[in-house]
Amino acid sequence: MRNIASLVFSVGLAFLLLVIAAQLGFGHTPMVVGTDILAGAAQDVGAANIVTAIVFGYRGFDTLGEISILFAAATAAGLVLGHRRAGAADDPRGGLILGAGAELLFPMLVLVGIYIVIHGHLTPGGGFQGGVVLAAAFFVAVIAEPSKRVNHAAIQVIEGLAGAAYIVIGIWALVEDGSFLKPMLDHGVMGQLLSAGTMPLLSSAVGIKVGSELAGLLAHISESEAGEP
Amino acid sequence: MIPFSLETILYTCAIGMVVIGVFGLVLSNHLLRMVLALSVAEAGGNLLVVLAGYRGGAIAPIIGYAAPGTLMVDPVPQALVLTSIVIGVGVEALAVAILIRVYRAYGSLDLRLLVERMQGDMAKAAGIPRTTSTHAPAGERPLPPIPVGARHQPDAVGHLAPEVQS
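Chains as they are written, first to last, in this note's numbering: chain B, 1 to 229; chain E, 1 to 166.
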């Protein structure tokens, strides 16, 4: 009975979504905003990657809300999981292949993560994507050697400083130019590493914040006591 | 007749992922599978939003890779999906954290087993026999069969013995 009901519900949902999709003209976006942004982003923000220009420029305030949500999720996960007991058993070690792989991968992942973060305004990427790669670099090491302890206090300090930097840049723009998180500084030559004003700074702040936040979150989950319920 | 085109394939895939996710969410009895189904549905939703910005023959919205004036896809849905993916990661991590807590407390993530054990715990805490809990059907109807994996003998107050860990 329950299976039939959920089947009917799913088929109905599929039908509803297909009808909505059929109403949309594929390939002819009805939105004006995107066209306007594509036309004006080069003058407004000066970033070659328009997606990053939207995330940190046009929708910078929403990005602030987004990193707050991520912060709330990380804090809540830490609260839910709680502290380890003193004598709790660790997960088994990851083995030779994972251990050697983690040591090999760590510098490369950190390098790629930093590259993606600081080139966010030029190439596909940005603070969020690079931050996740940075978090993965630290998390692989934790999986390979579960008895290693992550310094959660240091992670929280780094994360708080990065989040504060994002807000300080926003308030600086508010004081200088009258609107919060407005892109500041000289746009420079488009395509150069030091261009697009405050965009690389915001991207780096978000990258460090997301990276430390996710690394702390994943370390919390992997450190939680498995085994005897 | 629906035309068999790129549009149809892409939209069908995206909607299919949403439907598969919802179907798994409703049907599965295991909490971890429900989280996985949720992430499948979320991926389908993200795909739908990105598809809304599609333009035929357009390039990625990055200036400098093609001659000025080349048609670009709509960047707004991509920025929205970027937000949505990051929030999805946060939500899933929180869900997994709660699942770890649930497993630590009840020793299982199977919903039927969980309901049994929670009922037993509640009855024990209230000091009443299990049969008076509101979960038992009223009147003459028989109790629903206990799933195969959950056949434990309840003790005097209806508290189930913990599952034997292999």
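It is worth saying that the hints were derived from the structure and are not from the lab. Using N, Cα and C, we set each Cβ at its ideal position, and we do this for glycine too. Mixed in with the good hints, there may be bad ones.
[Claimed, not checked] Not close to chain B: a few residues of chain E, all C-beta gaps over 10 Å, as computed:
1. Ile15
2. Leu31
3. Glu42
4. Met72
5. Thr83
6. Arg101
7. Gln119
8. Gly120
9. Met122
10. Lys124
[As the list claims (entries may be wrong)] Here are some chain E residues pointing at chain B (derived, C-beta under 7 Å):
11. Val26
12. Ile62
13. Ile63
14. Leu99
15. Val102
Hints versus structure:
Interface exclusion of E/Ile15 from chain B breaks down, the closest Cβ pair being 4 Å apart, not more than 10 Å. Every CB of chain B lies more than 10 Å from the CB of E/Leu31, the least distance being 14 Å, so the non-interface label holds. With a least CB separation of 14 Å from chain B, E/Glu42 remains clear of the 10 Å interface cut-off, as annotated. Not every Cβ of chain B is farther than 10 Å from the Cβ of E/Met72; the closest lies at roughly 5 Å, contradicting the non-interface assignment.
Remark: the non-interface label on E/Thr83 conflicts with the geometry, its nearest Cβ contact in chain B lying 5 Å away (cut-off 10 Å). For E/Arg101, the requirement that its beta carbon stay farther than 10 Å from each beta carbon of chain B is not met, with the minimum near 6 Å. Annotated as non-interface, E/Gln119 keeps its C-beta farther than 10 Å from every C-beta of chain B; the closest such distance is 18 Å. Against the 10 Å criterion, E/Gly120 stays outside the reach of chain B, whose nearest CB is about 15 Å from its own CB.
Every beta carbon of chain B lies more than 10 Å from that of E/Met122, the smallest distance being close to 18 Å; the non-interface claim holds. Distance to chain B confirms E/Lys124 as a non-interface residue, since its nearest Cβ pair spans about 17 Å, more than 10 Å. A distance limit of 7 Å between C-beta atoms decides the matter here; for E/Val26 the minimum to chain B is near 4 Å, and the interface restraint holds. For E/Ile62, the shortest C-beta to C-beta distance to chain B is roughly 5 Å, which falls under 7 Å, so the interface hint holds.
Because the smallest distance between the Cβ of E/Ile63 and any Cβ of chain B comes to about 5 Å, under 7 Å, the interface hint for this residue holds. With a cut of 7 Å, the hint placing E/Leu99 at the interface with chain B is violated, because the nearest CB-to-CB distance is about 10 Å. For the restraint placing E/Val102 at the interface with chain B, the shortest Cβ-Cβ distance is roughly 9 Å, beyond the 7 Å limit, so the hint is violated.
Checked against the numbered hints above, the structure breaks hints 1, 4, 5, 6, 14, 15 and satisfies the rest.
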